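Dock chains H, P and A against chain F, hints included.
Read top to bottom, the protein sequences are chains F, H, P and A.
With numbering that gives the first Met the number 0 applied, the first sequence covers 0 to 337.
With numbering that gives the first Met the number 0 applied, the second sequence covers 0 to 337.
With numbering that gives the first Met the number 0 applied, the third sequence covers 0 to 337.
With numbering that gives the first Met the number 0 applied, the fourth sequence covers 0 to 337.
It is possible that part of the hints are untrue.
In this list, chains with the same sequence are indistinguishable; a pair is considered to hold if it fits within one copy or across any two.
Mimicking BS3-like on lysine-lysine, the simulated pairs with C-alpha atoms at most 27 Å apart in a straight line are [said to hold, decoys possible]:
hint, residue 1, residue 2
1, Lys215, Lys6
2, Lys292, Lys330
3, Lys238, Lys88
4, Lys240, Lys96
5, Lys84, Lys296
6, Lys292, Lys306
7, Lys330, Lys58
8, Lys330, Lys306
9, Lys60, Lys82
10, Lys256, Lys60
11, Lys306, Lys323
12, Lys82, Lys322
13, Lys60, Lys214
14, Lys319, Lys5
15, Lys60, Lys215
16, Lys240, Lys254
17, Lys5, Lys88
18, Lys215, Lys5
19, Lys309, Lys238
20, Lys60, Lys330
21, Lys309, Lys87
22, Lys238, Lys322
23, Lys238, Lys256
No lab work stands behind these hints: they were computed from the structure.
Here the structure is a predicted model, which is why all the values come from computation and not from measurement.
Protein chains: 4
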Amino acid sequence: MKNNNKKRIGILTGGGDCPGLNAVIRSVVKKAEQVGFEVVGIEDGWQGLVGKVQARELKEKNVRGIMDKGGTMLGSSIINPLKIKDGKKQIVSNFKKLNLSVLIVVGGDGTFAIGKSLPKTFPIIAIPKTIDNDVFGTDFCIGFWSAVETATQALDHLRTTASSHHRAMVLEVMGRDFGWIASYAGLAGGADYIFVPEFEIDVDKVCKTIEKRTKKGKRFSLVVVSEGAKLNKKVSGIKIKDNASVGEKLSKLIKAKAGIETRSVNLGHIVRGGVPSAFDRVLGARMGAEAVKEASKGHSQVGIGLKGDKIIVVPFSRMKGGKKVNSEVYKTASVFFN
Amino acid sequence: MKNNNKKRIGILTGGGDCPGLNAVIRSVVKKAEQVGFEVVGIEDGWQGLVGKVQARELKEKNVRGIMDKGGTMLGSSIINPLKIKDGKKQIVSNFKKLNLSVLIVVGGDGTFAIGKSLPKTFPIIAIPKTIDNDVFGTDFCIGFWSAVETATQALDHLRTTASSHHRAMVLEVMGRDFGWIASYAGLAGGADYIFVPEFEIDVDKVCKTIEKRTKKGKRFSLVVVSEGAKLNKKVSGIKIKDNASVGEKLSKLIKAKAGIETRSVNLGHIVRGGVPSAFDRVLGARMGAEAVKEASKGHSQVGIGLKGDKIIVVPFSRMKGGKKVNSEVYKTASVFFN
Amino acid sequence: MKNNNKKRIGILTGGGDCPGLNAVIRSVVKKAEQVGFEVVGIEDGWQGLVGKVQARELKEKNVRGIMDKGGTMLGSSIINPLKIKDGKKQIVSNFKKLNLSVLIVVGGDGTFAIGKSLPKTFPIIAIPKTIDNDVFGTDFCIGFWSAVETATQALDHLRTTASSHHRAMVLEVMGRDFGWIASYAGLAGGADYIFVPEFEIDVDKVCKTIEKRTKKGKRFSLVVVSEGAKLNKKVSGIKIKDNASVGEKLSKLIKAKAGIETRSVNLGHIVRGGVPSAFDRVLGARMGAEAVKEASKGHSQVGIGLKGDKIIVVPFSRMKGGKKVNSEVYKTASVFFN
Amino acid sequence: MKNNNKKRIGILTGGGDCPGLNAVIRSVVKKAEQVGFEVVGIEDGWQGLVGKVQARELKEKNVRGIMDKGGTMLGSSIINPLKIKDGKKQIVSNFKKLNLSVLIVVGGDGTFAIGKSLPKTFPIIAIPKTIDNDVFGTDFCIGFWSAVETATQALDHLRTTASSHHRAMVLEVMGRDFGWIASYAGLAGGADYIFVPEFEIDVDKVCKTIEKRTKKGKRFSLVVVSEGAKLNKKVSGIKIKDNASVGEKLSKLIKAKAGIETRSVNLGHIVRGGVPSAFDRVLGARMGAEAVKEASKGHSQVGIGLKGDKIIVVPFSRMKGGKKVNSEVYKTASVFFN
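So that you can see chain F by itself, here it is in the shape it has in the complex (with noise of 0.2 Å):
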């Protein structure tokens, strides 16, 4: 690629994809263009830094129509730079060739440890985008909002057939280590009961509540559960096969202990797809711009958070993982749960 006088932005979208990024890729090159700036894209994360470069300039006419599209128009991917042999150091080497000034970051808790992990020199600024909703530093990561509402769709869907039917219908959604889709999805969707990693559960009282409500006439039950609840081993004398997902032994026990006909769904790789809510639109479009405003005055080394209804820059060592589920928000949804 040419090199001139101007200032150079790489930007790579990491970990896994979600409804958003484009809306971020888009407002950053129209801000840098805005500012005097060339953008880099580079294609499938950290991966398009690794070994030989892959990226391409963007401008204006690349970036047009992507607003409404799912994924990242840039690709991405999971490897780890950091288990590669020289990874790092090519990553560094690779920058420097691209000639570039900054390196904005799109992604979640690995794809940010790996940018931590690089020379504090290395400059980057960080933008949270996961469906899982567990970075510190912002309220909401780009992609959170719309994987609820899709998985809020789905609880619509499945009431009606619960509904028809009078039975039990589980929902498992993604949420390995954090109940975030579960907790607002389930409180969105009605759902009458909630399993997510933060907070245990009785299953076997929930099943006598599930037999109760049948007798009172309420005659079907919808439950949501994050695909990394722990279910207590309360409920005996139910054999399930060890590979079976979270959601199907639920399914098996509550129909065991319930008394009542349950089927279960794994919303899957569905729940991070499709057209991205207007929310996550405009969050990714402020989101980039902000990024790209911080690398005009220099900065690096931050991360671009959402506050209330404030675009916030913090330092980029507060932007990482681990950030429970909003208590608050699961305790209300709980207030349903008979």
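For chains H, P and A alone, coordinates are given in the frame of chain F:
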């Protein structure tokens, strides 16, 4: 229930629920009002006529605002009264107790089979509904196109992730015996391969094509599979647990043979829920009105079908399951297999 | 463009755009590849063949990922070459310059009329698309059902407000000459009254019925009106400005005569946009493939239609506008007028 | 209604309806059950407390399955009891008759103003809802994000037509005094220009930019305008009828000055209807539960707000209208104006 001189129509919805049933019920009630009939809603399919009657009169006010609700306000069940001692007798006797002159049965193959086993003098009018669309005597059954829309949207979701991560994604959809949903949604959703019970595809060949695609730079693939599709045995050397679903099996085979990261999702009961599409609301309303028109003429032992954009009346005997997918649609979809 | 021995198909999309056109284009390109034809995409409808040719070759890579995009990637226009000096001559000459063997014309009445005015030897295959659905020779035109879904969703939106505020809401939809969208969406969306060009309803009577409804406790009403519906003159004493749309007029009349707060919305161009429904994607893909099949047999002067769930081939002459709304559908909808 | 020792909460929804109100009502009823309170639903906003009381007790069974319904099951109205003789007195007296201990008022500026005019001893808890989002004391009001989603989808529809036909499309959305919906939906929907009451843009300059765009090959433009935006007078020589809406006016100006075919659509009441987004269902449920918690502590004269992802309690006096659009969002959107 009170007994007067007015003719009384009974209506029940049997078998698996689907979007569009409430449009039928609402239409039957409104049309009956117009022709001076009363309507009795039987609860939970044939269940409501076995043992103690479960039924209620339906007036216009009972069916307000249900047009855009999925499922059935009358409930459904998949019980088989033929397997219950005196099941048929109870149906006949309850029909008389309710003082009905005709029974509108909204169902699929199973529901109709029960109707056909009743005495010839038992007056039935059949309305075909099933997301599986496998009933003869009609171009389309109520619920089919709503299910296709839902499955197509799921593919739209999976495509963005497949494309961002350069993966193959396998979507499994309902269809134990026939590939209607898989074929239509696969064609609409841009599937690269579709596996259905009616046609055999060589998994090995598909894997080789995917491998070739990757080399040509088409880095992702979308695959749709009916739950009842048979995978041929030509893929050797891959161990797959027997209780895996067909989608999981296919996913493993593709990963192993085509050398591409692959994920599978089983859409499960999500496909039969949700807000009915306009198509199914229109179809349901028209079939409901036509059924009452037939009743008002004293007709029975007929089924209501859609032929092109015309509502038709066919002998009840013609309305039965077993209809294979439109092979021209599957062939058109297969133009994109490569 | 290069000239070789391969046969070349031209394709253009004319008249108002609609969802489903890209499915046709993609299918034509893929099917052509299968039968060994080349495809040339003409830009902006007939415009691309008048004056300087605007056209480009279409390969598989050019039509990837367009299935779920509304509108037409080829552009459209509503120009009439018959009104341009030598317009027809230029079309014929440009057709030859492009070395085409046949032209697939995706359009409605206007686009087809131009095709019919060309010399008999000009080889055309017609595919009917129009949200207005007024073309003979096919049960449904591409775009119609997507428009109906959009209008139905608009009614679902208006119903919640009408119901919360106890108002009448009037929705005006496209349909200058025929009431297809209004009738189907009105039936699907639970409209209480539908005004279309094909049938006359007495506004005064409707107002009186609304008044009565209010007294009976049905405190809101939904009204759908085609832009081309004529309101009869029986409502007297109400002054309405002449340049008001039919929806605004109707709204004023209802407010004045039925004594209920009334609002109107004109859905305008929103009805012709958006993601195509699965129905239209399937229809477009099938019609596109069939057109190429016809071309590969050396046929022309034909139109491709849908008859039930079958794709049919009809003489081009049969495919013209003027088809009135299915009166049975309107009558079914009118069952709910009271 | 029976009088017992239980504390009784009244709840009313006032002003324009919006998606998310039913989530509040359901949550209030469930949370009240948990803390041992009764709930009385007041009908049609303040109207239900003026003259003859319109109210009914709300139990859990009355609020089942309403989570995904737009509008308000309690009805609303825009009456102003301050303009009715003895209006305030009647409210106070009816409140006592119903034996209420506190009134939860779900509304916007107008509804709250009435509450504030009542005697200081009249115990009120306020929950902010308005698609206009112009209320201080909360980041977002219930209904706002659902409206933004709807307006964004409308833009997604218009974009496909604008692009196919190389036109400018103008979308007018609600917002008499503030440009919240226009700005957020405009940013999300990729608008090329946004006109709001808070900021002035030079129409002449916009037209010139559109003209330039066309020359550069950007052949279509999307414009969003708040109903209350003022167009400056610099565009001369164009006659526009005075009673035209701002969208129509803008459309005419663009057509005349930028020389591009232009169409306008007024989204009208469609923007306030439909299925609530997950965001608004979650927000409604949380605010409803918090209001009851406040009531259970004996608090009143407070409002419930959202601050980041926290539910907060603020003095009722702080909760009032007049909040201008977030200027950073508008500025981010304006990065795309060119």
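Here is what the structure says about each hint:
1. Lys215 x Lys6: between (69 Å within a copy, 25 Å between copies)
2. Lys292 x Lys330: For Lys292 and Lys330, only the inter-copy Cα distance (12 Å) is at most 27 Å; the intra-copy one is 39 Å.
3. Lys238 x Lys88: neither (51 Å within a copy, 40 Å between copies)
4. Lys240 x Lys96: neither (53 Å within a copy, 49 Å between copies)
5. Lys84 x Lys296: This pair counts as neither: shortest intra-copy Cα distance 34 Å, inter-copy 60 Å.
6. Lys292 x Lys306: So Lys292 and Lys306 pass the 27 Å test inside a copy (18 Å) and across (25 Å) alike.
7. Lys330 x Lys58: between (47 Å within a copy, 21 Å between copies)
8. Lys330 x Lys306: Intra 22 Å, inter 18 Å, cutoff 27 Å: intra and inter.
9. Lys60 x Lys82: neither (36 Å within a copy, 36 Å between copies)
10. Lys256 x Lys60: between (59 Å within a copy, 25 Å between copies)
11. Lys306 x Lys323: For Lys306 and Lys323, the Cα distance is within 27 Å both inside one copy (17 Å) and across copies (18 Å).
12. Lys82 x Lys322: Within one copy only: 25 Å inside a chain, 51 Å across chains, cut-off 27 Å.
13. Lys60 x Lys214: Answer is between; shortest inter-copy Cα gap is 14 Å, intra-copy 62 Å.
14. Lys319 x Lys5: Answer is neither: 32 Å inside a copy and 48 Å across each miss the 27 Å cutoff.
15. Lys60 x Lys215: For Lys60 and Lys215, the Cα distance is within 27 Å only across copies (11 Å; inside one copy 61 Å).
16. Lys240 x Lys254: both (15 Å within a copy, 24 Å between copies)
17. Lys5 x Lys88: within (25 Å within a copy, 52 Å between copies)
18. Lys215 x Lys5: So Lys215 and Lys5 pass the 27 Å test across copies only (23 Å; inside, 71 Å).
19. Lys309 x Lys238: neither (51 Å within a copy, 42 Å between copies)
20. Lys60 x Lys330: between (47 Å within a copy, 21 Å between copies)
21. Lys309 x Lys87: So Lys309 and Lys87 fail the 27 Å test inside a copy (34 Å) and across (39 Å) alike.
22. Lys238 x Lys322: neither (34 Å within a copy, 39 Å between copies)
23. Lys238 x Lys256: within (12 Å within a copy, 34 Å between copies)
Violated hints for the displayed structure, listed by number in ascending order: 3, 4, 5, 9, 14, 19, 21 and 22.
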